[in-house]
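Engineer: Letter by letter, the chains look like this.
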Amino acid sequence: MSDRKIQGASIVFQSVGKAFAKPGGGMVSAVDDVSLTVDAGAITGIIGRSGAGKSTMLRMVNGLERPTSGKILVGGQDVGAAQGTALRAIRRDVGMVFQHFNLLASRTVAGNIALPLEVAGVPGARIKARVADLIHRVGLDAQADRYPAELSGGQKQRVGIARALATEPKVLLSDEATSALDPETTQTVLELLKDINRELGLTILLITHEMAVVRDIASHVAVIEGGRIVEAGKTYDVFTAPQHPTTRSFLSGLTGVTLPAFIKGKISDTRPARPCDEVIHVTFAGKHATDPMLALLTRDLGLQVNILSGAIEEIGDQPFGNLLISLDADRAAEARAYLERHGLLTQGLGYVG
Amino acid sequence: MSANLINLLIDATWQTLYMVAVSAALGTVFGLPLGVFLATSQRGELLSRPLINKVLGLVVNAARSVPFIILVVAIIPFTRMVAGTSIGTTAAIVPLTIAAVPFIARLIENAIREVDSGLIEAARAMGATPLQIIRKVLIPEALPSITLGLTLAVVSLIGYSAMVGAVGGEGLGDLGIRYGYQRFMPEVMAIVVVILIVLVQLVQTIGEWFAARVDKRAPKGRGQ
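Protein sequences appear in the order of chains A and B.
Going by full-length UniProt numbering, the first sequence opens with residue 1, and the numbers climb by one from there.
Going by full-length UniProt numbering, the second sequence opens with residue 1, and the numbers climb by one from there.
Hints listed in this document are in silico derivations from the structure and should not be mistaken for laboratory results.
For clarity, every value in this text was computed on a predicted model and none was experimentally measured.
Beta carbons: idealized from backbone N, C-alpha and C, even for Gly.
Mixed in with the good hints, there may be bad ones.
[Said to hold, decoys possible] Simulated restraints on C-beta separations:
1) A:Ala42 with B:Arg217: 35 to 45 Å
2) B:Asn61 with A:Phe20: 29 to 39 Å
3) B:Lys54 with A:Ala42: 29 to 39 Å
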């Protein structure tokens, strides 16, 4: 590959706020006092529900939206303050991939990838060579002269990625790039993004509403809710020890900690007077992820444990497990203390009687 | 039918084609930029010039609300200034063009507005200037619609061109009125109508063929 290794740029949000004018007058805040540092060369995911402000955050990185307060620095350059030519120069250093691809129907695969180079005023011969390289990188050699209408969703997104890489950007922004794709295609596109990050060294900032995407490729994650970052850190840490309820709810669908329906209907926060079980969420992380802790619990404390649901996940090649168990409420505190002592995290979810 | 009459019909057909072709070409030269500007200059859009947009929109609407036959007569002084004379086929091109520009501008405006705003965003994210976005994204993407719009404009101009006999413009319409109607020669009228139908069919067919050729939005054929 003729691509040279690029020095990725960091992205720094400094107390960034963005408010939009409401149609009926007044302002509505989309992003509120957000500070976040996205490391150069890392893949960072911002996860949030629709309307949480993640899209606005992403669009401020290349100046598609301007912050109403605070600063955004991309490779040290203040994007919000840049205008005209300076802003366009920054944008050439920041590639963007879109959920709905946004390819020109009137141009072939090669033509679409050439567009940013034409825009940048690169001479024709160099465009041709560069486009051929990019088409090869994303594995679309056979489709170079096809039009987008003739491609599958995954192929279209590969064109989108190649186009975003054309000007050798230092940052790649991904706006729900896999949300319109089926699960299998999502995996191949995520793999491609991972490869690009590893081989080219550019910073990738992606937004998504799927924790699976974060788990699969992001080394760092920020959770956004109501325009504020409620939790941020290394993906492994956030997954194994989520602090905020929003994070937990995002994780619950993913990590085998969804309560089975027959328990969900009966569980209560207050302990009933009669004998009952407590439901506990146990997280196995790091070196304990694969320990047979429940067997040990039964052996050492003589406790009967019901397993309600569970799964073992991998994040960046590190395993961690999630388990929902229920056991006699009278001895729950004892059991939790035992598990915590062995490096596991526990959380009481309620009582079932 | 006399050889004389046949010559008249051939001449009239050429005159119609000449008037329509020149006014359509000029109409596009002025209508295209006007239409693009109208489509991109509202508040918050690419060229964002809301005031000029409003004013131009009003002018375009005003021009489009004047019935063509009245326009022809009303702008005679202007026609004389531009064409040197207000009578004849060449002079008739002036009112035809004046009518074509706002019409074509609106058609182009609609075609440009149909372009997915995501494409504009993608181009902005690439660092494209507004002019580059217009040239490399908006116009190529709108080309199928623009082509059909221009086809519609040419067909309308063929109809308008029949009215320029009022100021001494010649052509098929004029021939039909003077011979078919005023000299009671229904066969001339019939032939004129047939030629007009053939012309319109031809223009429509060519326009649709060209629009299909530039339209890459749907895959061609099956099993490719």
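Engineer: Would you mind marking each hint as holding or not holding in the structure?
Structural biologist: Hint check results:
1. A hinted range of 35 to 45 Å for the beta carbons of Ala42 (chain A) and Arg217 (chain B) is consistent with their spacing of about 38 Å.
2. Checked against the hint of 29 to 39 Å, the C-beta distance between Asn61 (chain B) and Phe20 (chain A) comes to roughly 31 Å, which is consistent with it.
3. Between Lys54 (chain B) and Ala42 (chain A) the CB atoms are about 48 Å apart, so this pair departs from the stated range of 29 to 39 Å.
Checked against the numbered hints above, the structure violates only hint 3.
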